[in-house]
Amino acid sequence: MLATWRRYKLTRWLALVLLIVLILLPLPQFLAPERKLVTNSLLFSFTQLFMLIWMASNWNAFSGFTGYVDFGHAVFFGLGAYGTGVLMVKLGVPFPIAVLGGAIVAAIFAFLIGSATLRLKGPYFSIAMLGTFVAMREIVRIIKPITGGGSGLTLPPYLNRPLFYYVTLIGMAIVVLLIWLMRRTQFGASLIAIREDEVGAEMRGINTTRHKITIFCLACFSTGIVGGLWAYQNTFIDPDIVFFESRTIELVMMTILGGLGTVAGPVVGATVLYWLRDIIWANFLDYHLIVQGIMLILIVLFVPEGIMGIIGDPDSTSLGRLWKKHFGQGEETEQPTTTTEVQS
Amino acid sequence: MEQLTQATINGVMLGGYYAVMVLGFSIIWGVMGVINLAHGEFIMIGAYLTWIMNKQFGWEPLTAIIVVVPVMFVLGYILQRILINRIIDRPYLISLLVTFSLAIIIANATKLIFTATPRTVNTVYSGFWRIGETSITVPKTRAIVLIAALIIMGLLWLFLQRTRLGKSIRAAAQNREAARIVGIEIAAVYALTFAICIALTGAAGVLISPTTPIYPFMGGPLTLKAFAITAMSGLGSIPGALAGGVVLGLVETLIATFVPGVGTNLGIVSSFVILVVVLVVRPQGLFGGLKAAEAH
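These protein sequence lines map, in sequence, to chains A and B. Each residue of the first sequence is one higher than the one before, counting from 188 in the working numbering. Each residue of the second sequence is one higher than the one before, counting from 2 in the working numbering.
Careful: at least some of the hints might be erroneous.
Chain B regions said to be covered by chain A (calculated; three or more residues, Cβ under 8 Å) [as the list claims (entries may be wrong)]: (1) 92-99; (2) 105-111; (3) 218-231; (4) 269-278.
Derived by calculation from the structure, the hints in this document are not laboratory data. Where is the CB? At the ideal position from N, CA and C, for every residue including glycine.
Just chain B, with the same shape it has in the complex (with noise of 0.2 Å):
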């Protein structure tokens, strides 16, 4: 039972890391159509660039993040304006080929500059909380990177409901043209989304920098969870990834804690059945985003 409660509580704090991971890759896809499959590579950058600050300056891992998130919304910016841009009305085809070019790209330039080795960052905030007169416990740091994502997450959906940029963004995504016509500039909130959805991936790669070995091939797994999520949780959905990111991290959690023999890396398996299920199942997505998942 202790076991159970145990691996429920690892779930749910993995799974609001993952809401934080999925989003901009859902927003990406939701507004411009274009399935980003170097996401993973922009979280790897973003940890890689906490890793520099803690090695080299000391800082600890979360304040990275007044530095990652401008850096890769400049990054964003300007990728946006040279490559996506050119994509964005082509056949799905074409942005999946490039998006994949440009991870296997980032994966092995970053390979080259810091080598294979995986990195570990140092926290103050290592060790547990115990729960009462019970074996449970919440790890500090984890405990903390779910407050950060919540926050983050919570900052966003403001962002996106209250602002005028926000609300371009959503306009833009649920009907292109209707948008263009009222005024909105198309170009620019695609250029200001990209950036913006990439600087949110680069803040979820310092969240993650703390839990797990920073090396250059992390980014796969990753892009795959985000499609997943999804998949289950529909296009640019806050409420949506936070569902979906927790039924993923309950389900790794639980497989690696009761199936005997099989560790973590059965995650990315439960993960892709859990996506070809709902994509046969309920391909529209389990709820609805800045719209519904459909083909682009």
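Just chain A, same shape as in the assembly (with noise of 0.2 Å):
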């Protein structure tokens, strides 16, 4: 079975996206009062799950391909659900534009600082950015005039669950198909060269910096539409709850458990780590953060390659070894004309 997935991978990928997509759609069409097989509270945390796709999916379209490690990518989220929110409670200025306009903001602000630390290499452009959410912060709590500072701003409340349910899903469907299509571009494959050789890159004449540069405005941009959404669906926002230090490390985990570099690797590892996330929550409620990270300590040491590198090349992880060794004899002859297709 292993090796039919293989061969036809990106069909079935497409396939299953397409089934999820269609089995959840007519979840709300459930919600008569009086049958309560689906609850709003239900529908809110798929919104939650298809929020987290989405960035997870952006992250990883500029960290897993370009080999960037973006470790502030909050910081976008946040300017999102910002700008959305002055623009909303400032200026009155309707939702659909509001959202438009703190993404743009996120997107220019990428533009900006993706100038400066997009040139430098590795670690320093991780803490870079590091350093940029952890400053971000305060200076949106010092703009008191603008911000509300300290004490937040609250967005005028609209709750209408089924329509942030359906305009999260879709517009997760449309990034992840976006992604997908762009890694069978010239564009994605050239950012798959810059993560597998910057110099080499440039020498084949690719412009790194211009590479770098667009994915990276493009993810913030498509971030900062998900903190608009998070902003206007939550009616609430302050510098703590916006800036909140783990959901950049959240993104990274699911990134990471799925697959880091591949388009259906996010989407596998969000669903996972979140559902995951509300038994920890449940047990452990104390130290839930320790167990988090005690679990991203081990996931990086014994699966660095992720849930999707495990079914597409099982000998690249240890674990993966372990479950060939176990439930997959026979199919090690399948192996050499699919490794190349393993990296997408």
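Dock chain to chain to rebuild the complex, using the hints, since each chain is given by itself in its own frame.
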């Protein structure tokens, strides 16, 4: 079964995504008040999941493909949220335009900060982004006249759960599809080339800085939209809940669990981790962050290729080798022809 | 004018402390290529140990150094053996994620044990020295912290320059393969380097305890400042750390003094701005260190 899975991997994934979308779309139809089949809280938690998949895909589209690890991606979530919030509360802009404005704010900031920091190599970029994140929270806290400072902003309430559900579902599906398509263009291939060998890519005539800044701005624009949606849905934002430390690390964790640099990785990883986190919260409320930290260390040390890595190429991870040893006999012959596809 | 002099004195004293705080971080990075994002959390452990000594046994904060250094040395050695050793030759993403998780675990475990209440230690060295007839003062605790920091840096410099182990550490940082060929046990040097640097970081925690409140999440900003200073100073350079620390200390104090209404919260912003500017203008650092600061 694994072999056929590998051979028709892309088609299968597309089919699977469509299938999930089709299964999930009718959910709110059952929202007849007398039948408690689908509650608002269930829709809400699905909305949260879609947002996480959406953001993890953005993070992966930049960091997973180019190899530049953005350790402060939540800053663009925050800028999107605050951009939307400020436009709606202070200027009375209607929501759809405000969310677009918030995303543009995030993209412009990404362009400015990216032009400076994306010339840096490896860890310097990561920590510079971590610094951006911490600094931005303080800056937002300080400019009280615009952002409301530490006491936050209250957006006009609009509690239509099914609407948010559909908007996030469609947005997420579009983003995943776009990334899947992008991966198959020359642009996507150039990004992978930057990850594998940046100097070599430069020598082949790829303008690496421009590629990096372009994908960075696109990913941050997309994350800004999620931030705006989240702000409107939450109806209240302040620096601490918007610029929340573990938001970035959650995205990183989900992507790595699913498979860094694969299109399906963030989707799988976010879904698994989202439900796993509920279990952790239910059982270890006081020390859920400790458990999460230990989990991240274990994932990074023992399954660095993620779930998609295990499915695609069992030999790449210790867990995968163990799995293959016990369950995967008779499939070794397929190996040479499929290894080239694994990177996708 | 007096305000400026006062701010400069405070900034320099803060900078001396930053210098000793950053060295553990920059030597680990220079020797092993591991960026220890749990650096601030080790400072926090050192500070909490000092607080325990101070509250339980009534020790003067700085004397706690004789307990903290051995404890942190052992902790560092064990951590290196079971965890850090596994990530040394891996891509930097892995070392960032592992040490970041370590930071989350340590901070939250501390919060569970000691609660989030900020703690302070008591010291007999409170009050000020006044300079001449002016209104310029020198806080006694900070002056003593500065002297202790300078002594620690002097000892570390002697250790790195004069002892056999210190020379091995520098050799391993400069060229690992060559060091192995001339007979240096790289694994042992790595384990001892990490242990020594964590002990040094714990000592920095002792030094910080009389001047700031101690709470579980104090580590994050300290790690970021350590990174900013390291970017300026080059990896493992003691004079560089001193200069970088003083620059950051001065900028923070001057901003807090002369820009109204922002307070010290902007310290983290200023260190970040310095970081980005230095990285963009001069990525190799302002001072040569064990080796030029480059991506691992």
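Hints, verified against the model:
no. : hint    : in the structure
1   : 92-99   : holds (count 6)
2   : 105-111 : holds (count 4)
3   : 218-231 : holds (count 5)
4   : 269-278 : holds (count 7)
Of the numbered hints stated above, none is contradicted by the structure.
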